[in-house]
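**Q** The residues making up each chain are set out below.
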Amino acid sequence: MHIHRFERLWLTIGMAMLALFIAIIGVAAIGEGFVPPSNVQTIDPAKVAQTPPFDHPGLRKVGDHAYEAYYVAHIFSYDPATITVPVGSRVTFYVTSTDVEHGFSIPATGVNTMVTPGWVSSVSHTFKDAGTFLLVCNEYCGAGHQTMAAKVVVQ
Amino acid sequence: MSGQNIAARTADPMGSAHWPDDPRFALSREKGDLLVLTHIYTATLVLGVGALFGVLQGFSRANWITMPDWFDYYRMLTAHGVLMALVFTTFFITGLFTYATYRSIPRVRSIRLNWIGYVVMLVGTLMAALTILSGNATVMYTFYAPLKASPFFYLGATLLVAGTWLVSADIIENVVWFKKQNPKQLMPLPAFASVCTLIMWIIATLGVTAEMLILIPWSLGWTSGVNVSLTRMLFWYFGHPLVYFWIMAAYMIWYLVVPTAFGGTVFSDALTRLAFVSLLLLSTPVGIHHEFLDPGISSGWKFLHMVLTYGVVLPSFMTAFAIFASFEIAARKAGVTGFLNIVRWLPWRDPAFAGPGLGMILFIFGGFTGIVNSSYSMDVLVHNTMWIVGHFHITVGGPVALTFIGAAYRLVPSLARRRLFAPQLALLSEYLWFAGMVVMSTAMHWAGLLGAPRRTSDVSYFGAAGAASWHGQMVGAALGGTLVALGVLFFVIVATGTYFTNRREEDNPALAFAPVDTSAGPTPPVLDKLGRWAALAIVLAVLAYAGPMTQQLTAHTYLAPGMRTW
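Chains as they are written, first to last, in my numbering: chain B, 402 to 556; chain H, 18 to 583.
Just so you know, these hints were derived from the structure itself, not from any lab. Even glycine gets a Cβ: it sits at the ideal position worked out from N, Cα and C. Treat each hint with caution, since some may be false.
[As the list claims (entries may be wrong)] Here chain B is said to cover these stretches of chain H; the calculated rule only asks that three of the stretch's residues, wherever they fall, bring their Cβ under 8 Å from a Cβ of chain B: (1) 214-223; (2) 275-281; (3) 310-316; (4) 400-414; (5) 477-490; (6) 496-502.
[As the list claims (entries may be wrong)] Some chain B residues well away from chain H (every beta-carbon gap over 12 Å; in silico): (7) H403; (8) G427; (9) A450; (10) F455; (11) G459; (12) L460; (13) A470; (14) T485; (15) T527.
Just need the whole structure built from these sequences, with the hints factored in.
**A** Dropping the structure here:
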């Protein structure tokens, strides 16, 4: 099979780009921890209200500038609706759903994860700037989906 | 058919050289043409309805209108997604492949099986569409459990898939017959591309069929719950190859039909087959890149699927090279050299070229944004934002749809044996579509980078500060969407006008496939052995999914009851 030398060159460039992309993403994943939220932790959605720590959703201080925030997502709101943390806090969010598939996204941050009933999703973020951040459900969950939102206040 | 046309095809090494003179071919043509025309017109009608829902969505999101309760935004969004992604594309492609196969291999037996397939697809479509329109399946085209639609929705969608299998069986049977008659010959290239794509489609649709076997008994109340993350994984096992189903059909038009617009040739038979075989192998073992942000799937599986997703670089680069080489070779033969001169020389005023040509421009950008979405680390910034909506509108909504429309401007006159109605309007439909899609998808991508969520009827969030920047982009998207919808309207007018306004003529040019440039040398016979490639594709799919599927099946015993939250 004849392959034109320009095509060989072109495909070599393509494959080299591919190798470079994968290398960069691989190094970022292993070295810098740029890994998509992939928490593998199960929960019974029917018993969320009795399962600690989701029986008391909200913010826990776990160290200096370190917090854990436990959220329960259900149609069409989040519990808690508002959390307040100091500037510079590293917050690890744990979210689970008691009903259908939801999203959990804080635009302008790297916080974005799916929330699947039966699983606990987890994602972390350091809030370096003060402000009120909007937290939205970004997966269609029903008639009131466009109202499903919460707030993260950083002060 | 003109004598010159036959002479041109006689030199054609595709194996179809003697077919136009074969009397059996002439006999099959009349019936086959009606069948293909029926597929194409069904797709046209669906596109028109889908576009109407699309533009109304744009207006809703821009807060220009509020959809009434009896026909709410999410119902309309579900209808738009299902009609465009699952129905319009599928009917067009089954028609296209039927055409490509019947025209490159004489059909000596009944075409009844293909007709039955068409009817099954149509019944399934009507069943699913009416269920959605009546408000009993507002679950989006992804129908993620535990949202529970009426059983008629799942049954209808399953029938749509089953119908495509019957059409595929009819086409594959014809090709098998050809191979038995001519064991030493390669399949004609159009038939090869069709069958290669259909094999990929059959492997992919096994996933969604398995999902339906879980969802249908559940929606009927026979089972009490479903494994949510398993159904999501089965959906995306199908959902990504669905995308390649559209792209392979568009590539077939780019490789084999587009060069006829400027008297060009197919750059290389062997490389065309290699590109299709690569897509067959790489379409399925990649679906988890749609689930990068899902809990319950280990990050290693996600990384594996990302690497395999990026493998599509190979057939994409090969195709880009082959298409542009085909342009340049034909231009040089006509004495035209230099990049800009070649671009100007191309027949931009021929609707059969302008659609695919404009689509190719959009696809360059669609490819770039796709690299972002399928990146393990960058996806988190765009997942489920309007960026994704922008991405699939400049891939399936731009290149694929514009290519189908351009091909329809050739196919419909050829099959209906009528002149194209209002050719200037046909041309305008494509340029309007292109311009509108540039505006709309730019606004959508921008909104996505600002964090605007997709699948949301109203992005104002009660005036929250974080949402303030989104409204302007939604207005831009609505304006662009209006232009696209006008383009669709003009397409529907031209397509139906061709049949109902123009008189039947006998001498209309047939849509021929471009001859292959023979200077590339003979094709290695192994590339034609689709059975082996299909087996390898299945092995790759099993290797990529055995681990993550096992993880979903063994993780826990929770089975979700269905919910109707709309």
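**Q** What hints, given by number in increasing order, does this structure fail?
**A** When the structure is compared with the hints, numbers 1, 2, 6, 7 and 8 turn out to be violated.
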